[in-house]
Structures are given as structure tokens and as C-alpha cells.
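Chemist: Chains as they are written, first to last, in the numbering used here: chain A, 1 to 529; chain B, 1 to 302; chain C, 1 to 405.
Source of the hints: derived by calculation from the structure; they are not laboratory data. One should not assume that every hint holds.
Capping the alpha-carbon separation at 16 Å, the derived lysine to aspartate or glutamate pairs in EDC-like fashion look like this [claimed, not checked]:
id, chain 1, residue 1, chain 2, residue 2
1, A, 294, B, 9
2, A, 276, B, 31
3, A, 213, A, 432
4, A, 294, B, 6
5, A, 29, B, 174
6, A, 293, B, 6
7, A, 254, A, 326
8, C, 226, C, 254
9, B, 209, B, 155
10, A, 225, A, 239
11, C, 239, A, 12
12, A, 485, A, 432
13, C, 393, A, 327
14, C, 42, B, 6
15, C, 226, C, 7
16, A, 29, A, 48
17, C, 42, B, 31
18, A, 293, B, 168
19, C, 393, B, 6
20, C, 147, C, 157
21, A, 254, A, 312
22, C, 393, A, 12
23, C, 308, C, 281
24, A, 29, B, 168
25, B, 209, C, 7
From chain C, some residues computed to sit far from chain A (all C-beta separations above 12 Å) [unchecked claim]:
id, residue
26, 42
27, 145
28, 205
29, 393
Just so we're clear, the structure is a prediction, and the values are computed from it rather than from any experiment. Just so it is clear, CB atoms sit at the ideal spot from N, CA and C, and this is done for glycine as well.
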Amino acid sequence: MPRPGFVLEVDERTPPLIVHEGEGYRMQKFPLGTRVIYPPDALPGLRDLGAQIRHALLHPVGDSKPLPELLFAGMKLTIAVDDISLPLPPMVTPDIRQRILEHVIELAARAGVEDLEIVVATALHRRMTAEEIRRMVGERVYRSFWPKALYNLDAEDTANMTIVGQTDQGETVQMHTRSATSDLIVYVNINLVAMDGGWKSTAIGLAGYESLKHHHNVNTMLHSKSYMDPRPGHSAINDSTTRMGHVLRDKGVKIFQIESTLNSETFPSQLSFLNKREWEWSAKDQAVMMAAKKGNDLAPPRVRREFFRRIEAPYKVTGINAGEVEEVHRRTLENLHRQQLVEVRGQADIAIFGIPYVGPYNVNSILNPILVHCLGLGYLFNMYRNQPIVREGGVSILYHPVPWEFHTIHHPSYIDFFEEVLADTTDPKEIEARYEERYARDPWYVHLYRTSHAYHGVHPFYMWYWGAHGRDHSGDVIFVGGEPKSVARLGYRRADSLRDALEMAKDTVGSSPKITYFHAPPIMIADVR
Amino acid sequence: MGARSELREMARGFRWGRRPMVPRSAEPYAEEAFDEGFPTDWARTEVGIAARQTILNGVMHPLVRSQVSMRVYGLDNLADVRGPVLFYSNHSSHLDATLIMSTLPDRFQRKTAVGAARDYFFDVWWRQAFTALVYGAFPIDRAKGGRGSIDKARELVRAGWSIVVFPEGTRSMDGHMQRFRHGSSRLALELNIGLVPIAIVGAFQAMPKGKWWPREGRPVVTVRYGRPLYPDQGETHQQLSLRMQHAVSLLFDEDRTTWWASLQHAERDETPSLLGSPGPAWRRAWEGSRPVPRRGRPRAWE
Amino acid sequence: MTTLALEFFRSAPRYVGARTIGAKAPGLIAGPLAPIRLVNRKDPEPPKGRPGWARVRPLLSGICGSDIATISGRTSFYFSPLVSLPFVPGHEVIGELLDDCEDLNAGTRVVLSSVLACAARGEDPPCPNCAKGATNRCDRVTVGHLKPGLQTGYCSETSGGWARQMIAHRSQLWAVPEGMDDRSALLLEPFADAIHAALRANPQPGDSVLIVGAGTVGILTLLALKLLAQPGHVIVAAKHQRQRAAARMAGADEVVHPPHAAKAVRRHTSAVKLTPERGQDFLLGGVDIAIESVGSKGALDLALRTTKAGGKVVMSGIPGPGADLTPLWFRELELVGAYTTGLESLPDGTEKPTFQLAIELASALPVLADMVGATYPLDRWREALDHAMSAGKLGTFKVAFAPQD
């Protein structure tokens, strides 16, 4: 019987607890009275996944016909797939997308479809490599479609991007031309966090800068409290995306949405202690933890990076829903909340987050300082509903070494952003006003985005905005263990240990603050009342 | 943080050498799963079986034979029995499990597990290891109605293992048989397996509760196997338990008199009850400890 | 019939083991070195033909410092004729009567005053102490129609609290008031002991007091002192954070770490502090009354060395060996023992049994129930003992068995 998530209060019987810090972790003894939010136990996966997928395709939800009835010979069919930013860590093959794709393509083949293209919905993310795509879609699909009919979206290819329309708030809706003009788009999604799925899949995944700038901006971010809470009125970005989605729908773009949810079995069996509550560690778990930690601490950085890069999550699928976008997404969110929601009473003066080694934008790559900011003050901070874990003006303490390190191929615009823009100012509004346009239109970045494997020139800006709400809400941000120069460039403070960080935090929250530690990964959402 | 202080924090925080604790606020969510405390399946692997048989046949059996005069009867009842069965007997001594395990025919001995009280045999690691190894034992939860123990027993029987249980639940204090608990009859009914009754006569006299070594003089101990019982269609567990008790009483009667006489007694409903008369404690203990008569020629010095 | 019980049995190797390596590896004392076993014991029967006995079903039974000391082999051989082996430990009991017992009906919840005095042993006429109502001073605890045993919990015939069934005599039973929950009732016995200890100190208004130790005994003694007397400045020396917090809440004027206790007393009483070449610092001057509730050599030394000349030192728990009695002689101190409960003379001239006083005062103390930090079923006794042995460090006050679970 999987147990629900709960809030632990650290007492004399509590052992030291795991805190992730990039490519490593530490055992931290927390002060007595610290509250620690624990995620629910992993839900069991669906039995007979193949049958479940088939069932979902044949019995769609919402106003939608079963998939076989939507397929016919002579049609123009586009299948769009979530890119490498999901899931995190990458899941053990076969990826759920592979399994769903194989079912969909089988049905398409039987219906006599010939004009079929599969597009990886990267929006302004980097192009996936052939190897990465092959791992995601499987050998059969890869060999049948790559490279002509299976490709990454090129959002800067103006010839192949159309303006579909405008929302009533003046937001441009731009989309991949082929997708927009297909008889049907089948979207294959993985809903890892509450922000994914729904209209985001098509209205953002298949869009370009002209659309994105309407919601990927500071104002929208500051009014998304939080963007992991897609209820109307809570997340400005979700509201905007929904408006755009409705434009697509009203303009006749037909979408058959397939969404999947995963359980929280994040770490493989060799690291199973990371999935368990510390006081439930057996002697073997403790031994494995210490050996792994020692090995990790002593390993050279390259070995360490490779070890973490190879981690594959043994995720199990907890639900598959298909059909009309909004109805599908409603059910997806139900499944997701069942696995991830934890009730928390009251806010804290200090929130502590341990930043893991991987986020959506550094799979097979490097977590540079800007991405650390995004993962910490963006994603982790926003894993809440109703209220942030920390009170307004409180202190956010984050654990990460924040090395001054960038991946030159994946993140070229980030390097310039860090060296030029952040050296000047760290204020998101200032940055948006003075620098965004230039980076977004810079032909060199566009070239790298289109032909290399680089994130779009504007992407570091989005990363900066992503943490705008967290940054704005916190009175102070302190990194434990961060490299002084990089942390300073980000505009934050740093300390060597938690004790020092708490000492520094006294200036903001006094000497007996309420502390809450968000014990993630595994991923969860704190429902703060 | 230095390696030594890290280690010290781990040792203190995780209470090495002491029992693990659950933080107060996590108690409502603590797992109440039936924990075997110490897994015993290792003792039922090929290696474990080989080791066990060596110990039983090479050490325990000769040792017991040197301390008591052991007689075994009724093994021919097992000649046609196939598949897992539930062996059960009266329980009055620590000798009982050894007597049964070391007298079983080889094909049963290698695939039989003894059910042993969790609170007694599985509380410290070395007792657990010893019991698991020598008797292929699995834990029975005496205290809480033993839900989890039934699960384990079921799992073993389904895997083809026979099991030995002592339905009295504990050793007799005065040599008389106590009322049978219903766990074994319930299990036999559920899995529809045979029950082999065993009467162990003289063990209480030789090594009663409280003693860890047989008394001097090579007392006589008899192990009598009976004909297997099979659960009837529609039988309740109470009825089956009574039948089980009766079967052992029959074997005791046979031991005291003869097989023919015991059958006649049974026909006439005259099998002496082993539960003993409800009299004063000294009478029961007196009756229960009456020495078992030696068979055969009396020795010169008796 | 038999029921589940924890039994303390004689085991020379365990005794030796516990005394030698027990200090270094305390985990072993709750493990293989514990002379305790879980057995199906024959149900205890009231002595034949003797009236006033009844069977009791323990609902909660506490683990006391003296139980831990007995199991770790740290108690004096003095006790050996005062117990009968094997016995079922457990003298802090709140249970349910299974039989009618004189004026108490079956089903009544009762707490046990564990001393097996003349009344329970059928000694008639009673010894002079029992006749005066001071049953804790009974001289006949080894005779009569029961096996030797100073208390239930040390007698092989009565069983004890750490079992599913025990027997008790009417003279030992006090009915639990309606509306008092089991956990508060469990604390009644230690609370009564604490009241007795506080009154043995005979505190005068304005007396300065040092209480050494803020475990269950220390805190209850502090509460008793505050309720029954008007002490002046009260200092509590406590090792662990949660104990210090509890002492503050219970009304201590000053709460300190034990190494700083002498300094604290010195400051308050303007005494002269002297440092011997070996041993603890001591004062010429000090508190009027010191109450030692830890039971260790260091604690008794502290108490003796920080009490003013002519002052009183009360020992409320089984003492550990080895304390230096020089200050007792040199400063003309009164060393007073406080053992369980008896009859108290109150300031207004009346006399009341300590237990009755405890029951009356307990209704005003909701905090008592919170002192029970954890309960364990009998088959998890090793965890229970392990927890009780580190209770202070783990922030727990009282650990108890819930034998019916």
C-alpha cells in the first residue's frame, strides 16, 4: 500500500538526511524542529502496458473519435513527440514514447496512411542528436523514418513556420506549418510535472519565438504563482497557452492528444537508497550509500559526470489518456497529483532545496550556473500550489557547487549571457528590456540553433525569467557549497555549510526561523495551506 | 568535513550497534509490514539444504542418539505420500524438532521447513541463523494471531516445501497435550494438503521445559509417525483440529498398548485423552512425567 | 493457562558480560546480554485461600531506571535476598481488574503501588512500620505467604507489569479516576514517588534547591516541589536539551548543564568554590536542599558537594556505587533516602497516603500524559529497552510496554 507524502519534524531520533547537490549529495544533520517534506511512495505501474495503450487509443476521452476512425488513406498525418527534456532522469528503454509511437504508427499503417512525418517538438530547445532520437523512439521507428520523415522542429525556418492567428489579448499564435496544415496531429506527451501537457504540447512545443515571447517574459512569470499549478488564474503562462490553444482549435487544427504519467521510482536499484526514507535504510542501504558517496567524492569530475549521465530512471507508467486535449489533461493531472501531491500546513521562514544533477536543459550536458538558478529558484521553488513553501521575504537556501562551467556546443548563448549580461545587471526586467531582442535575433545563434545542437539565443533569458518569481519572492538567496565567483555573478550569496548559511540568514529572518526542507527528488508538489 | 567526523555522524545518526528508531512524526506512516526480521530463504537454497542435512545427519542425530534411546516407528506410512504435507506433533521439549527432522526420510528431510516461534527463535541474529540453518525454519508470530506467518507457510507449501508445526503453540508444562491452535488446520484446509500426525513419547520425561540437555540414563524416546489425514469436504477448522488431536492420541495409545488395541479403543471411543485430567497441578505433572517403559530385554542392572 | 510475559532470569555469563562490556557497547545490553526472555508463563494464581487478591490485566507498564539498572547488572547484591527469581519486571502499572477485589469491581482501572507489604503478605499483626502506614518501610517483605520480593515486579509469584496478566492485593491498588487517560495514570506511581521524595526533603519556605537530573523522576520531583512547598530559587542540572526545556516549563528558576551546576549554585548562594586535585569542584556554602534523581556516582557527588553545611541531600533513585562521602561528614549533611511512597504528614497537620495525594494533584497536570514518549508491545522488548536506555538522548521521558498489543 503506497504511503502518502508527509511532513517530518526533525527530532532526536532523526538520522542525517540526504541533500542532493549537483553530481553528488551530502548527509545533512538538520536542526531540531526542521520540517522536511517527503514525497508519497511510488505508485505501482500499470499492468500490461500494451493493452492499456491500445485501450486508450480506442476509447478516447472528451469530444474525440477513436484514433482508427480519424486515420484514413491519403491523409496528411503529423506525429509530434516531447523532446529530450522529458523525462528526468531519462527513463529505462523502451521509452514510453516509443511504445505509444509503435501503436499509433501500426494503426496508421493499417489505415493506409502514407504521408506521415514525426516531428520532435523542441520549440527553441536544442536539436536532439540522431543517437538521442533513436534511443527515444526505438530502432523500428528510427530506421523507418529518420532522417526525412523524423526530424527536430526548426522554429527559425521561416518558410516552414506560419502565423495561425492571434488571441483576443493580441498574442501571436505561431506554429510549424506542416503540423498546422495536417489533417491530424497526434501528440505523444510525457507529463512529468504539472506544467507539461495540455495545450503546452502543441501551442508551445511546435511554436517559435514569435509566439513564445508573449508568455515567456518577466511579467507573465511574476504572475505565475505557480506555473506548476495550471488552474485558471493561478498560472499566467498556462492561461496564455490555453488562449493560444483555443485559437488553434478554433482555426481547425485537429489534435489527438496522448498523455502519459509516470510514478516516482526515480533511481535505479543500485541507488535505491535515494528512493527510500532515511530511517528506513537497512544496513545494506547505509553501506551502499557510503560507498557510493566515497566513490563519487574521490572520482575525477569526468568520471563523475559520466556516472550521473548514465543514470536511467526505472519509471513505471501510472496512466495513459488519449483524445481531446483538455479532457485528457484533466485526467492526467489527477494521476499526477495522486503520485506527487503532499499537503503542507503553513509556510516557513527558510526553505531549503537540494539541486539535483539534471534538469530539462542539460540532459547529456552540463548544468551551468544559469541552469542552476533555473532549476533551483525556478523549478524546485515553483513545485507548490496555493503558496510557496517559504514566506514572502524569507530566505531560500540552495545546495549546489555552481561550477563556472558551460557546454560550448549546447549552450553557446548562455556563455555570453553569463559574461556580458549578468556582469551588467541581474534584474530580470532590465535584462529583458535591454538585451533580449538582440540575443533572440542574433544570426550566429540562429545558425547554431538551426545547424548545430545549441539552444536558441534567447533561451538563457527564459532560464533567467523562470526563476524571477522565486527570486522576487525570496528576501535572500544563499548557496551552500557554491563557487564564490559564479554565485556572485548570479547575484546571490554563498556559505560553506548549513550552519553558516543559517547564520547569514539571521539578518533576514532572525535567530529562530521556521525551516522547511523540500526532500526532492523524487519530484513532488507541496500543497501549502 | 573530515572522513572521521562524517563516519561519526553516520554512526550516531543511524544508531549503529543499537536498534533503529523511527522519528516521532513519521510513526503514523511507519511500515507495519510483516518483517521476518531476518530473511530465512537462504537456508532453503541448495547450499543451505546440503549444509542442513550434513548437520542433522552427521551431528544432531548421532548426538541425540547418544543421549537418549530413540525409537522410530511408522515411517512406512509415508511410503506413498507425495508432495508437500504438514507434519505436526505434540510439543513438550526442545528435542521435538530435532527428533522429527532427523528421522524424516531423505526426500522429505531435504524439503521440509519447521515453523518456529518468532519471539523466541528469531529475536537475535545468531539464534535466527542457527534455527534457519539447522531446521530450515521460518518464523511464526505467536503473539498477534500470526497473519504474516500463514502467508509465509503458504508460500513455502506452494513452492513444494513440507512444513512442521506444533499446533499447541508452546511446549507443555506438565507433559500433557494442550488444546491445539487452529493455524495449522486452517492452512491445511486452505491448501488442501495432507497432515501427518507424529506422536513423540518420552521427550517430556527426557528433557522437559526449562532443560537444555536430556537427563542422564539414556531415557527412552519414541517417535511414532501416523497415517496422513486429509481435510474433508466442508470440514471446519475446529473439526479438523479435533481430528488432528485425536490422531495423535491414537498414536500414543498405540505406543502404550498395541496397534490393534488402539484401533479397538478408537472404535469404542475409548482412546485415552492426552489433555490430561483436570486435576491438581501436581497430579498432572506426576502423570505426565511417568517414565516410558523400556521395550525388550531388561538390562542386568535394572 | 499461560500468557505472554517477559521474565528476568538468573544468568551469570550475562551478568558478567553486562558489567564488563555493557558500558562500552550498550547496544548489547538490549541484545544478547539481556537476562530477559519472552515466555508463555503459567498465569499467576492468588495464594490459596487468601482474601483480597485479584488478577490484573496491565494496560501500560513503564520501564523505570531501576529496571534498566537491574537488567544491566548494575544493582547491588544487597537486593539478592529481596527478590525471587525468575520474576516478571514491571512495577509501574496501570491495568484493569479481571476479578472483583473487595470494594473494587472487575473492569475497574487501577494503578499499582508496588510494595508487597504486611497486608499483602498476610502478616498479622503487621510490622511497626506498616502499622504506622509507612508501608514502604515494611520489614516483612521476604516472609508471609508470598515468595520474597520487595515489590511486585521483583517477586516470582505475583508476575509483574511486563506481562499480560499479573496479580495484586487490594492494599496495593488505587482506582484511577474517571476521565484520567491511561498514560497520565501510568505516571501516577512515579509522581507519587516524586511527591514522597520532595516531602522527605522537608522544604521550608524560601529554601534554595538543586535538582540533579531532569528525566521523568527529576521533572516530577520539580513539579511536586512547586505544588506542595514554596521553595526559593530552584536550579535544575540536566544533560539533554529536551529535559532542560521541560524543566523550564515545569517552573525551574535556572536550568544548567551538569558541568556548570556547581558554578550556578555558587553564583546564587555566594559560596566559595574549591577545586580539589582530583574529583569534582565543591562549595563551602550552597543550596539548602539537593535532590539527586539520576542514580549515578557523578550526580550524587555533585549533590553532596553543592549543599550547604547542615543541609539535606535526598536520594530518590537506586544509587550507583562509588560516591565520595567526605562532604557528608565534613559539612554535617543529612543524607536522606526516599523509597516509593507511604503516609505523608501535611503542613496542616493531617496525614494522607502519598498515592492519594498524587491522584489529587495529577488532575491539575495535563502534561503527565505527554511524558510517555513511546509504547511497545512485549515482543519488541529489545527495542523498548534500547529506547529506554537512551531515553534522555532521544528526547523521550518515559518508555512503556503495552502488554495487550
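Chemist: All the hints need checking, so say for each whether the structure fits it.
Modeler: Do the hints match the structure? See the list:
no., hint, result
1, 294/A x 9/B, "holds (15 Å)"
2, 276/A x 31/B, "holds (12 Å)"
3, 213/A x 432/A, "holds (11 Å)"
4, 294/A x 6/B, "holds (11 Å)"
5, 29/A x 174/B, "violated (56 Å)"
6, 293/A x 6/B, "holds (11 Å)"
7, 254/A x 326/A, "holds (13 Å)"
8, 226/C x 254/C, "holds (14 Å)"
9, 209/B x 155/B, "violated (31 Å)"
10, 225/A x 239/A, "holds (12 Å)"
11, 239/C x 12/A, "holds (14 Å)"
12, 485/A x 432/A, "violated (23 Å)"
13, 393/C x 327/A, "violated (55 Å)"
14, 42/C x 6/B, "violated (50 Å)"
15, 226/C x 7/C, "violated (38 Å)"
16, 29/A x 48/A, "violated (43 Å)"
17, 42/C x 31/B, "violated (33 Å)"
18, 293/A x 168/B, "violated (51 Å)"
19, 393/C x 6/B, "violated (20 Å)"
20, 147/C x 157/C, "holds (6 Å)"
21, 254/A x 312/A, "violated (34 Å)"
22, 393/C x 12/A, "holds (7 Å)"
23, 308/C x 281/C, "holds (14 Å)"
24, 29/A x 168/B, "violated (50 Å)"
25, 209/B x 7/C, "holds (15 Å)"
26, 42, "holds (38 Å)"
27, 145, "holds (46 Å)"
28, 205, "holds (37 Å)"
29, 393, "violated (6 Å)"
Checked against the numbered hints given earlier, the structure breaks hints 5, 9, 12, 13, 14, 15, 16, 17, 18, 19, 21, 24 and 29 and satisfies all the rest.
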